[in-house]
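Got two chains here, each in a separate frame; can you build the complex from them with the hints?
Going line by line, the protein sequences match chains A and B.
Just so you know, we're using the numbering used here here: the first sequence kicks off at 1 and counts up by one.
Just so you know, we're using the numbering used here here: the second sequence kicks off at 1001 and counts up by one.
The hints are simulated quantities; they were obtained by calculation from the structure and are not laboratory data.
For glycine and all other residues, C-beta sits at the position ideal for the given N, C-alpha and C.
Please note that the accuracy of each hint is not assured.
[As the list claims (entries may be wrong)] Beta-carbon label-pair distances, calculated as ranges:
hint: 1; chain 1: A; residue 1: 46; chain 2: B; residue 2: 1053; range: 21 to 29 Å
hint: 2; chain 1: B; residue 1: 1025; chain 2: A; residue 2: 50; range: 45 to 53 Å
hint: 3; chain 1: B; residue 1: 1064; chain 2: A; residue 2: 8; range: 15 to 23 Å
hint: 4; chain 1: A; residue 1: 46; chain 2: B; residue 2: 1182; range: 49 to 57 Å
hint: 5; chain 1: B; residue 1: 1042; chain 2: A; residue 2: 34; range: 34 to 42 Å
hint: 6; chain 1: A; residue 1: 30; chain 2: B; residue 2: 1027; range: 42 to 50 Å
hint: 7; chain 1: B; residue 1: 1053; chain 2: A; residue 2: 30; range: 38 to 46 Å
hint: 8; chain 1: A; residue 1: 14; chain 2: B; residue 2: 1027; range: 24 to 32 Å
hint: 9; chain 1: A; residue 1: 57; chain 2: B; residue 2: 1118; range: 46 to 54 Å
hint: 10; chain 1: A; residue 1: 30; chain 2: B; residue 2: 1184; range: 29 to 37 Å
hint: 11; chain 1: B; residue 1: 1078; chain 2: A; residue 2: 53; range: 50 to 58 Å
[What the hints assert, rightly or not] Only pairs whose alpha carbons sit at most 25 Å apart, straight line, appear in this in silico PhoX-like list of lysine-lysine:
hint: 12; chain 1: A; residue 1: 53; chain 2: B; residue 2: 1035
hint: 13; chain 1: A; residue 1: 13; chain 2: A; residue 2: 33
hint: 14; chain 1: A; residue 1: 57; chain 2: B; residue 2: 1061
hint: 15; chain 1: A; residue 1: 59; chain 2: B; residue 2: 1035
hint: 16; chain 1: A; residue 1: 28; chain 2: B; residue 2: 1035
hint: 17; chain 1: B; residue 1: 1110; chain 2: A; residue 2: 59
hint: 18; chain 1: A; residue 1: 53; chain 2: B; residue 2: 1110
hint: 19; chain 1: A; residue 1: 57; chain 2: B; residue 2: 1035
hint: 20; chain 1: B; residue 1: 1035; chain 2: A; residue 2: 6
hint: 21; chain 1: A; residue 1: 28; chain 2: A; residue 2: 53
hint: 22; chain 1: A; residue 1: 57; chain 2: A; residue 2: 13
hint: 23; chain 1: B; residue 1: 1110; chain 2: B; residue 2: 1035
hint: 24; chain 1: A; residue 1: 6; chain 2: A; residue 2: 59
hint: 25; chain 1: A; residue 1: 28; chain 2: A; residue 2: 13
hint: 26; chain 1: A; residue 1: 53; chain 2: A; residue 2: 33
hint: 27; chain 1: A; residue 1: 28; chain 2: B; residue 2: 1061
hint: 28; chain 1: A; residue 1: 33; chain 2: A; residue 2: 6
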Amino acid sequence: MINEQKIPCPVCKTQIPFDVSLLLQGAKFSCPKCQSVVAISNNSMTQAEEAVKQYEKLKQSSKKQKDTRR
Amino acid sequence: MAIRPKIDSTYNFSGILIDDLVSLPLLSVVRSESKMSEEQIALLLNNCFNYNPEDNYFTPKVIEMSVTRSVLQPSTIPDGEPNLEQIVTYFNVPLISLFPINALAIQSVKIDFDIDILWQYNENVGAIEERNDSLGARSLIEQTAENSKVEMFGKVAKRKNSVANNVSEMEGIDGMNSSYSIDVLAGPLPLSKGILSIIDLYTSAIDPVEMPEEV
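Okay, chain B solo, but in the shape it has when bound (with noise of 0.2 Å):
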């Protein structure tokens, strides 16, 4: 059995930019739903449409659903009983609609881990605008936010025992350095309620009509 050399990984992930550290793993999920979706779509063409190589087209396939009711039948007798019938009406509904397209979608994804900030570097390119306003006292306004530049260089920090809150947030250690604690959560959007509403469209268009009485 080979003996693996102990990696801190501390030191492998010190010289990666924290955008790649953040965005990397999620482009892994987005990688590997990608490959589950395609063989989810090979599966939705193979069962859900019949494919015509003359043509080159794919035809759903459709399956037949029932909604079973009970209806009040007026009497044949005059001032008798109305007969209670069980109406089957029967609607066709594409077998796609009824599939759970995206089951195997990945749930959630969580990234959590913490920088120890090294050092940090600040430019402010921003213009600073003299302004007089209506009590008539002038004031400078820095314009911050988009013009400043900052870079900061640090390494993935090794855990520690006590529980990180899930905000970022900024800390001291030993007066030197910062550092974050960064927890992503990632999740697939909602459907959309196009299977739903594909039902309903049909169930209500099959609104049963009620029967006249015979004279």
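Pulled out of the complex, with its shape left as it was, chain A reads as follows (with noise of 0.2 Å):
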């Protein structure tokens, strides 16, 4: 969905890369120094899933417009 991004980890400060598109469908990302992990909750999660789901359908509706232009 987007280039991968980079938080620094609030434990020792060691950029953390993560994709946000994986990070919102639940993917875990760790810290490569203290391995402390940075995640959605289980609570937010069908509300990110959602967010998602939308932002493909908006994407691929996007994409068809693109294609009959040509």
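This is the structure:
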């Protein structure tokens, strides 16, 4: 969906590479240095998944429009 | 099947100003991007905000995130080994801060064409200033940068087989005309670091506190 981003580890400040798309789908990303894990908690998973689904739908419709114009 | 008449593009583009030849494709890209932005804004409003029609406010949806880390808890037994425990810290982040806001943006636009300059008109309306320099020599300085007026007339050239340079250049053709190779590359400005700043702010504020040793 988008490029890989980085957030500083709240524990050791090492940059943790993560992908927003995967994060919203429930993937966990761990700090390469101290192994702290950043993730979306289970309570919010449904909300995040729904948002990703809608986004993908919009992306597909934009792609279709682009192909039709060609 | 309808047969389309063969159109000579160089003829069709002969009456258009060079400024327009460059700017019109860029404008159409901006318009396309604007349409995509509208759809994205609608998506963001629907998915990342809760709308309350009573007070006409959009409240941001918040998702819960967690940071799991290992913590060494001091042993309850004197001189005992510390216990390794997994501590999970929860924090809330607005959903919009994680969403790829401009992921549908057009990455880059490349406009590349050659123009045959048929003739040009140069009118110098600049003032000529007479000045004495430090050596006492008299010099005439012509202010041409802002005051001269150049108009060029031409048409879009047919592509040559040779590869054009990326740099705009001027060259003679048959000793009569000149041609410009115009190569424009436009792209969106990079996103602000807002998203990462918000996450950074949240993660910095949840630095776990060390547990005091039990006496």
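Hints and how they fare:
1. A:46 <-> B:1053: 21 to 29 Å: Holds - the Cβ-Cβ distance for residue 46 of chain A and residue 1053 of chain B, about 24 Å, lies within 21 to 29 Å.
2. B:1025 <-> A:50: 45 to 53 Å: violated (38 Å)
3. B:1064 <-> A:8: 15 to 23 Å: holds (20 Å)
4. A:46 <-> B:1182: 49 to 57 Å: holds (52 Å)
5. B:1042 <-> A:34: 34 to 42 Å: With Cβ atoms ~41 Å apart, the hint holds.
6. A:30 <-> B:1027: 42 to 50 Å: For residue 1027 of chain B against residue 30 of chain A, whose Cβ atoms are near 47 Å apart, the range 42 to 50 Å holds.
7. B:1053 <-> A:30: 38 to 46 Å: Since residue 1053 of chain B and residue 30 of chain A have Cβ atoms about 43 Å apart, the given range 38 to 46 Å holds.
8. A:14 <-> B:1027: 24 to 32 Å: violated (45 Å)
9. A:57 <-> B:1118: 46 to 54 Å: Roughly 52 Å apart at Cβ, these two residues keep to the hinted range, so it holds.
10. A:30 <-> B:1184: 29 to 37 Å: At 44 Å between Cβs, range violated.
11. B:1078 <-> A:53: 50 to 58 Å: holds (55 Å)
12. A:53 <-> B:1035: Within the cut-off at roughly 21 Å; holds.
13. A:13 <-> A:33: Holds - the C-alpha atoms of residue 33 of chain A and residue 13 of chain A are around 9 Å apart, at most 25 Å.
14. A:57 <-> B:1061: OK: residue 57 of chain A and residue 1061 of chain B at ~20 Å, within 25 Å.
15. A:59 <-> B:1035: holds (13 Å)
16. A:28 <-> B:1035: Roughly 34 Å separates the two Cα atoms, so the pair is violated.
17. B:1110 <-> A:59: This hinted pair holds, its Cα atoms lying about 23 Å apart.
18. A:53 <-> B:1110: Distance ~32 Å between residue 53 of chain A and residue 1110 of chain B Cα, so the pair is violated.
19. A:57 <-> B:1035: Holds, at about 16 Å.
20. B:1035 <-> A:6: Status violated; Cα separation ~30 Å.
21. A:28 <-> A:53: Roughly 19 Å separates the two Cα atoms, so the pair holds.
22. A:57 <-> A:13: Violated, at roughly 36 Å.
23. B:1110 <-> B:1035: holds (20 Å)
24. A:6 <-> A:59: Between residue 6 of chain A and residue 59 of chain A the Cα gap is close to 24 Å, so the pair holds against 25 Å.
25. A:28 <-> A:13: Judged against 25 Å, a Cα distance of about 17 Å means the pair holds.
26. A:53 <-> A:33: violated (33 Å)
27. A:28 <-> B:1061: holds (21 Å)
28. A:33 <-> A:6: holds (14 Å)
Hints 2, 8, 10, 16, 18, 20, 22, 26 from the earlier list are contradicted by this structure; the remaining hints agree with it.
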